[in-house]
Amino acid sequence: MELFNHLALGFGVALTPVNLMYAFIGSMVGTLIGVLPGIGPVATIAMLLPTTYALQPVSALIMLAGIYYGAQYGGSTTSILLNMPGETSSAVTCLDGYQMARKGQAGAALATAALGSFFAGCVATVFVASVAIPLSELALKFGPAEYCSLMILGLIGAVVLAHGSLLKAIAMIVLGLLLGIVGTDVNSGTARFAFGVPELIDGLGVVSVAMGLFGFAEIVSNLESTEKREVMTGKVSRLWITKEQFRKAWPAVLRGTGIGSILGLLPGGGAMLSSFAAYAMEKKIAKDPSEFGKGAIQGVAGPESANNAGAQTSFIPLLTLGIPENAVMALMVGAMTIHNIQPGPQVMTSKPELFWGLVASMWVGNAMLVVLNLPLIGMWIKLLKVPYRMLYPAILLFCAIGVYSINNTSFDVMQTAAFGFLGVLFFKLGCEPAPLLLGFVLGPMMEENLRRAMLLSRGDPTTFVTRPLSLAMLLAAAALLILIVLPNLRKKREEVFEEAES
Amino acid sequence: MPTIRHPKDFYSGLIFIAFGVGAIVIANNYSLGTAARMGPGYFPRILGMMLIVLGAALSLRALKLQGDPIAPWKWRPTLTVLGSVVLFGYIVNLAGLVVSTIILIVLSSWASTEFRLKESIIAGIALSVLVVTVFVIGLKLQLPIWPSFVH
Numbered sequence: 035m036e037l038f039n040h041l042a043l044g045f046g047v048a049l050t051p052v053n054l055m056y057a058f059i060g061s062m063v064g065t066l067i068g069v070l071p072g073i074g075p076v077a078t079i080a081m082l083l084p085t086t087y088a089l090q091p092v093s094a095l096i097m098l099a100g101i102y103y104g105a106q107y108g109g110s111t112t113s114i115l116l117n118m119p120g121e122t123s124s125a126v127t128c129l130d131g132y133q134m135a136r137k138g139q140a141g142a143a144l145a146t147a148a149l150g151s152f153f154a155g156c157v158a159t160v161f162v163a164s165v166a167i168p169l170s171e172l173a174l175k176f177g178p179a180e181y182c183s184l185m186i187l188g189l190i191g192a193v194v195l196a197h198g199s200l201l202k203a204i205a206m207i208v209l210g211l212l213l214g215i216v217g218t219d220v221n222s223g224t225a226r227f228a229f230g231v232p233e234l235i236d237g238l239g240v241v242s243v244a245m246g247l248f249g250f251a252e253i254v255s256n257l258e259s260t261e262k263r264e265v266m267t268g269k270v271s272r273l274w275i276t277k278e279q280f281r282k283a284w285p286a287v288l289r290g291t292g293i294g295s296i297l298g299l300l301p302g303g304g305a306m307l308s309s310f311a312a313y314a315m316e317k318k319i320a321k322d323p324s325e326f327g328k329g330a331i332q333g334v335a336g337p338e339s340a341n342n343a344g345a346q347t348s349f350i351p352l353l354t355l356g357i358p359e360n361a362v363m364a365l366m367v368g369a370m371t372i373h374n375i376q377p378g379p380q381v382m383t384s385k386p387e388l389f390w391g392l393v394a395s396m397w398v399g400n401a402m403l404v405v406l407n408l409p410l411i412g413m414w415i416k417l418l419k420v421p422y423r424m425l426y427p428a429i430l431l432f433c434a435i436g437v438y439s440i441n442n443t444s445f446d447v448m449q450t451a452a453f454g455f456l457g458v459l460f461f462k463l464g465c466e467p468a469p470l471l472l473g474f475v476l477g478p479m480m481e482e483n484l485r486r487a488m489l490l491s492r493g494d495p496t497t498f499v500t501r502p503l504s505l506a507m508l509l510a511a512a513a514l515l516i517l518i519v520l521p522n523l524r525k526k527r528e529e530v531f532e533e534a535e536s
Numbered sequence: 005m006p007t008i009r010h011p012k013d014f015y016s017g018l019i020f021i022a023f024g025v026g027a028i029v030i031a032n033n034y035s036l037g038t039a040a041r042m043g044p045g046y047f048p049r050i051l052g053m054m055l056i057v058l059g060a061a062l063s064l065r066a067l068k069l070q071g072d073p074i075a076p077w078k079w080r081p082t083l084t085v086l087g088s089v090v091l092f093g094y095i096v097n098l099a100g101l102v103v104s105t106i107i108l109i110v111l112s113s114w115a116s117t118e119f120r121l122k123e124s125i126i127a128g129i130a131l132s133v134l135v136v137t138v139f140v141i142g143l144k145l146q147l148p149i150w151p152s153f154v155h
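Residue numbers (the numbering used here), protein chains in the order written: chain D, 35 to 536; chain L, 5 to 155.
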């Protein structure tokens, strides 16, 4: 019953005209950038973050969250119609969605994706609401040692479940932690790594780091590649599905929702991992796996439900424990910080209207998306006809204005450009930027908790293994690392990612 | 003389080592403190050491593992994209949003191999109208619209 009271409070906040408007703007912008390749949710949220200063914190978070799940809807549209994933999380939807479109079932594929996503969104909203309270109660029992171990577990989990070289990803985390502590040390007042630059005393800006590493680097690498985008526009047939298709699709939607909700909870999880895993599962349990890749509706229904569920449940660790699990959540930490909200278990008790308002807005946003998206598909397709040579200068412009307006200084723009350069370098060297961003956000928190834990234990590092909760989390982190170096599991992990990429 | 078989890993290793060494050298100026009362130099030094170890492991492993070569760097996109944004940051307060937008759009469009001057000027003008409407009128950001000498 308590759950309903909380949700009622949440809907009371989410359904005010102002917040409805921001949920609408967020999900529309999300869909837009989901449709457009070459700009992802991380760069977009970084771009819009400075413009949320003037808003109420809850409105700001509602809008930014809308971008993330809106992108999942948009990404599926281009995957199905153009065989081109607007977002990485929709990459697997290409495999069967595009084949369906070629067979003239584009309408059915789009409807399945939208309805599956909506269903998943509804379930995930209730899921977030129901696990949030017990988890944050658990988190309130954590001391500094537990928090340290939790962060280590979170960071290790994030690199194990992401793809790419494990060693590089860990090095990127450590580099991120180091960049995160640039600026004034709260305990001693020493300005660290500031090189006498007054702007650096407050530390590096999360917007600059994210926009440079993700936004600018992405644009530069797109411009370097000579690949041409082809825009094919078939006619979208009837936007509905037959009874037969419905019968095949709904179990896949249920499974996808389940997988997505669980995987979204894990560190490193979220939309992308969920959709890949859901596709692999649908293929495995299908009666006739040879249908896959030739337009199996389950191959659209499963992953599309999963990525939406995963996008939403990945808010849980952030909202309850204060630990971001992927790059988008790292930026949400940044967004909460500029509004003077320390993410963590106390948010739910001290700012219930913010917490439940955000949760309820996810459902509201999903409802808007399903109603508005299908009729708007024609418009999104037209937008894709804008050539990239005209698109990227506009993206750059929005980035430049966004980053300049944080403090109205050219220094922030310089800083972003510097991270853009670093981002291109990392891209060339095959280093994923997401772990760096996670480390960056967690750097100060980790140092603070490490200091407190060591102070409480009088300098005895065994405190991390003698406290049972802390030990359990460290063991889990170690187990993850061991699992991943074991040869057959490693192969499996590569298979899943390769399958999704090919 | 061992050969570099995995250039991407090898050079990223070197970069991590460089960051690690830099962190430790700079952190030497900050007091270390004790394990129980960590000074501002404690955590950076731990991170610096970890970076050196991880970087060294990456670089050494790159002598054995086989990997793809690093794609050659094309400077035009990097310099134009980053340069036009930096320029925007420097001139926007003086030249105003309209002029700086047009400059940013035309200049950054040049990074593409399909650059068309006329098209980019038109796009610049159209976008400057859009951003003035959205950011200055809509979101009320404190940005001058026209160059400062016009007033």
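Some hints could be false.
Simulated pairs of lysine-lysine, DSSO-like, Cα-Cα distance not exceeding 27 Å [what the hints assert, rightly or not]: (1) 68(L) - 416(D); (2) 416(D) - 462(D); (3) 462(D) - 122(L); (4) 137(D) - 282(D); (5) 68(L) - 462(D); (6) 419(D) - 137(D); (7) 68(L) - 419(D).
Calculated from the structure, these hints are not laboratory results.
These figures come from a predicted structure and were not determined experimentally.
Now for the hints, and whether the structure bears them out:
A C-alpha spacing of about 50 Å is found between residue 68(L) and residue 416(D), which places the hinted pair above 27 Å, so the restraint is violated. With a C-alpha separation of about 33 Å, the suggested pair residue 416(D) and residue 462(D) falls outside the 27 Å cut-off, and the hint is violated. For a cut-off of 27 Å, the pair hint linking residue 462(D) to residue 122(L) is broken: about 33 Å separates their Cα positions. The hinted pair formed by residue 137(D) and residue 282(D) meets the criterion: a straight-line CA distance of about 17 Å does not exceed 27 Å.
The straight-line distance between the Cα atoms of residue 68(L) and residue 462(D) is roughly 20 Å, inside the 27 Å bound, and the hint therefore holds. In summary, the hint linking residue 419(D) to residue 137(D) is supported, as the alpha carbons are separated by about 23 Å, within the 27 Å threshold. Between residue 68(L) and residue 419(D) the CA atoms are separated by roughly 46 Å; this puts the pair beyond 27 Å, and the hint is violated.
When the structure is compared with the earlier hints, violations turn up for hints 1, 2, 3, 7 and for no others.
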